[in-house]
Amino acid sequence: MTREQALELLQQHLHNKNLVKHCLAVEACMRALAVRFRQDPEPWGLAGLLHDLDYEYTVATPQDHTEKTAEMLAGQGLGEEIIHAIRAHNLRVEPASQMDLSLLAIDPASGFIIACALMHPDRKLAGVDLLFMKKRFKEKSFAKGASREQMEGCARLGLSLDEFLPLCLGAMQKISGELGL
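In case it helps, the working numbering puts the sequence shown at residues 83 to 263.
Derived by calculation from the structure, the hints in this document are not laboratory data. Just so you know, not all the hints are guaranteed correct.
Straight-line alpha carbon distances no greater than 20 Å define the calculated EDC-like cross-link-like pairs of lysine to aspartate or glutamate that follow [said to hold, decoys possible]:
| no. | residue 1 | residue 2 |
| --- | --- | --- |
| 1 | Lys-222 | Asp-211 |
| 2 | Lys-222 | Asp-244 |
| 3 | Lys-256 | Asp-211 |
| 4 | Lys-256 | Asp-204 |
| 5 | Lys-216 | Asp-204 |
| 6 | Lys-220 | Glu-234 |
| 7 | Lys-256 | Asp-122 |
| 8 | Lys-150 | Glu-90 |
| 9 | Lys-217 | Glu-234 |
| 10 | Lys-99 | Glu-260 |
| 11 | Lys-103 | Glu-86 |
| 12 | Lys-220 | Asp-244 |
| 13 | Lys-103 | Glu-260 |
| 14 | Lys-217 | Asp-244 |
| 15 | Lys-256 | Glu-86 |
All chains should be modelled from the sequences, with the hints used to inform the complete structure.
Have a look at this one:
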């Protein structure tokens with residue numbers, strides 16, 4: 083499956099523009115981590131782009147999230163490692179690979195970074211920096227839905243938060259136009 087095919091599939095199944103932007107942000111971060119780990123960014127990007135493909139179908143049944151995606155992607159020519167990473171981000175399977183662990187940490191981090199941008203006076207990703215993110219990270223009431231524990235899982239990848247958050251921020255800044263930030 084090409085990125086273009088994946089994006090088309092995403093747009094067929096997700097109608098919430100902010101959810102599509104979230105998937106684009108996760109894709110950008112996944113590609114950046116793949117490069118950091120000297121991996122092929124294409125499959126990592128596809129895992130990020132498609133990780134919430136079934137979200138609008140499973141919003142009322144979160145226990146089914148990612149299982150429907152796995153069914154939808156069966157026979158689409160994706161590597162098993164991509165399907166595994168998608169399922170692992172909802173802990174439907176044990177996260178084991180760098181791709182799995184990256185998606186698990188990036189999913190909440192992308193939302194957290196977007197919340198930082200929206201909280202920043204200029205409401206742009208360009209104005210966000212590590213100091214701003216670290217201050218907000220400590221505020222448990224800020225972006226409550228962004229699991230700090232999952233983001234801290236970057237340590238399982240050998241990355242500190244001080245390395246991980248700017249890497250994700252930089253990736254998202256590169257697509258800030260697409261994200262509207």
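Against the 20 Å threshold, does the CA-CA distance of Lys-217 and Glu-234 hold or violate the hint? Distance of about 15 Å is within 20 Å: holds.
Lys-99 and Glu-260 were given as a pair; does the straight-line alpha-carbon distance stay at or below 20 Å? Holds, because 11 Å separates the two Cα atoms, which is no more than 20 Å.
Does the alpha-carbon distance linking Lys-222 and Asp-211 stay inside the 20 Å limit? It holds: about 19 Å lies between the C-alpha atoms, which stays within 20 Å.
For the pair we were handed, Lys-220 and Asp-244, check the Cα-Cα distance against 20 Å. Judged against 20 Å, a Cα distance of about 13 Å means the pair holds.
Given the hinted pair Lys-222 and Asp-244, is their alpha-carbon gap at most 20 Å? holds (18 Å)
Assess, step by step, whether the Cα of Lys-216 is no farther than 20 Å from the Cα of Asp-204, and give holds or violated. holds (18 Å)
Proposed proximity, Glu-86 with Lys-256 (alpha carbon, max 20 Å): Judged against 20 Å, a Cα distance of about 19 Å means the pair holds.
Lys-256 paired with Asp-204 [C-alpha distance capped at 20 Å]: At roughly 17 Å apart (the allowed maximum being 20 Å), Asp-204 and Lys-256 satisfy the hint.
Just to be careful, I want the Cα atoms of Lys-103 and Glu-260 compared with a cutoff of 20 Å; is the pair within it? Holds - the C-alpha atoms of Glu-260 and Lys-103 are around 7 Å apart, at most 20 Å.
Is Lys-220 close enough to Glu-234, meaning Cα to Cα at most 20 Å? The hint holds at about 12 Å.
20 Å limit on alpha-carbon distance, applied to hinted pair Lys-103 and Glu-86: Status holds; Cα separation ~15 Å.
Taking only the CA atoms, is the gap from Lys-256 to Asp-122 under or equal to 20 Å? Answer holds: Lys-256 to Asp-122 is near 19 Å, not above 20 Å.
When held up to the earlier numbered hints, the structure conflicts with none and fits them all.
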